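*Asks:* Protein chains in written order, with my numbering: chain A, 1 to 362; chain B, 1 to 324.
Keep in mind that the hints were calculated from the coordinates and are not lab data.
For clarity, every value in this text was computed on a predicted model and none was experimentally measured.
Heads up, the beta-carbon is just placed ideally off N, CA and C, and yes, glycines get one too.
Please note that the accuracy of each hint is not assured.
[Unchecked claim] Okay, the calculated bits of chain B under chain A, using three or more residues with CB under 8 Å as the criterion:
id: 1; stretch: 19–26
id: 2; stretch: 111–117
id: 3; stretch: 140–148
id: 4; stretch: 154–163
id: 5; stretch: 183–195
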Amino acid sequence: MMRRRRIRRWLVALFVLHAGVVLAGFLAPYDPVEQDRQHAYLPPMRIHFSEHGHIHARPFFYAQRLREGSFEEFTEDPSNAIPIHFFSSGARYRLLGFVSLRVHLFGADGARLYLLGSDGFGRDQLSRILCGGQISLLAGLLGAGCVVFLGGLLGTAAGFYGGWRDVLLMRMAELFLALPWLYLLLALRAFLPLAVSPSRAFLLVIVVLAAVGWARPARLVRGVVLSVKERDFVRAARGFGAGDAHLVRRHIRPETRSVLLTQATVLVPQFVLAEMTLSFLGLGIPEPVASWGNLLAILQQYSVLVSYWWMYLPALAIVPFFVGYQGLANALQVDVATPKIEGKRGGILHDEGALYSPAPID
Amino acid sequence: MRYLLRRMSQMIVLLMGVSILTFLFSTLAPGNYFDEMRLNPQISAATLASLRAQYDLDRPLPWRYARWVKSVAHGELGYSFAYNSPVAPLLWIRARNTLLLTLTAMLLAWGLALPLGIWSAESSGHLADRFISLATATLLVIPELVLALGLLILAARSGWFPTGGMVSVGFAELPQLGKLRDLAMHMALPVSALVLSALPVLVRHVRAAVAEAMGAPFFRATVAHGIPRGRLLYRYALRAAANPLISLLGFSVGALLSGSLLVEMVMSWPGLGPLLLEAILARDLYVVIGGVLFSTIFLVCGNFIADLLLYWADPRIRAGGNAR
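The following block holds chain A by itself, in its conformation from the complex (with noise of 0.2 Å):
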């Protein structure tokens, strides 16, 4: 019962993350698009609680302005204080895709609230942050859901069927895995188009990591489908004149579920990785859209580098969803870290290191 209530705890601390990432437009105080060209790279402001040693009922914050004789260092006006609101009225927004709110958690009258500091157009870093998790989390949760899908339909056909299909699927998938996973991931986004719409742009990310990353899961699946084929209930159901589709989704597909719901685990934080090396190489989701690989994109030129290291924040956002994703797998007892490793006699391309592709935590 330890196991699951461990499997639990890590269910809900992922449920709280995503949960904050799908509330993005509550509790991201503005519109992640709106520019505020007067505040370009403001740093993260600080929230203040007391004045000349009074003690305010609200949290407030001193609007900014430019530092005398200079003309890109903010200091605070001290004579501006601007309390915060809770719940108040901003920017509208999508809640879930089609609910339509101007409520927020928090904002303020007069100047804007920068929590992490803004971009080169003014834009809130706090508001992309969230809503640029939307995209990448999206892009990461399809990408592996469709390799989940793609990886049981190949390898439950290889493995129910054998014979040449079994053969020409699973050299594909050992060619899929001889390559190096960003070179493949590269290769592979090298020949579709490169300038399209954000949205266009999303669905090719999830085209490629799904073509990328179906050869592990498929592999797997086969290996399950072999072994349950030859078992005694498989067998009988087939003597007692059971069909082919009746015995695959009667008997043989409920084999494969743990194993490819443990794949999906350890792949949906992979492919939420893939897609920010995509998006911060410009070979991803597009300007003005954010997610978290194009909100690091910024970070090539050398003077953002050195002069705003508030940039670097959105890199910090997937750690906690690593650390999530990585203690559900440990609770569904997968190391992730520790794939058992068996010794090898010989052949090029194996099936241990789970870890090592499409695998970027290595």
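Assemble chain B onto chain A, guided by the hints.
*Replies:* Frame of chain A; chain B shown alone:
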């Protein structure tokens, strides 16, 4: 010998497969290198057509593949549109830099992982083990991209290490020792990013393998014989744990290659990474194919070396390897 030959032929088949696969991908590509020139009104449609014909872009795929295989046989690997030269020499220069980075990182990572893993296994449950476990768990949740960018910011703000490129301006005038020092300073950042991201997995595997060997009856026998601790661990336990670790060595090549590609692009190290990205953006077809092929060659070589090591280290394989 037969084992060697069989492995070699497997490698060649694999490389063929990868090249065919990348060529197939390339048919998905909408447009080609010369498409952007269409925007230039001074270049006529006839010129573009003749350019395409000159570089065989209007021929069917099998024909192009055959042509490419021929150029591979000549050691050219096709032709780069952007650089106007054969691909192979271009890739060689960059691949050398990538190898320098990857091999250094590999040696360092394994050089650190073995003692750390053994130490951790030896002091299982004690303070050192707990500390190492915590450190590896922490490193494990920090993705390579995050790590590399973080190190870069640290270096940029502190000024301890140069933050890009491979050598400083005026490298050619430096004395021999100064050159080495300059190169080492430039390598410090990318190599540490690679090592730190590879380390946790390696340490955990070493720990698991050595702990398993230490639980075996033969190990208790060696302890009872009174063999000194250090020799016990490194000579006997490690030897017994070698088989899975050598397999891991082969896998770690692939991980390091992918990692190195990313780190190179983040830290502008003049390796295969930046060249590949540039080629992708310019649709420089054969450079992309060549880059992917090179990475596969490295990976396959890594696996091959691991297999040879295994052959040397594990008598069971020497006995049974040919039979399979």
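*Asks:* Now tell me, hint by hint, if it's right for this structure.
*Replies:* We went through each hint and held it up to the structure:
1. 19–26: holds (count 4)
2. 111–117: violated (count 0)
3. 140–148: holds (count 7)
4. 154–163: holds (count 3)
5. 183–195: violated (count 0)
Checked against the numbered hints above, the structure breaks hints 2, 5 and satisfies the rest.
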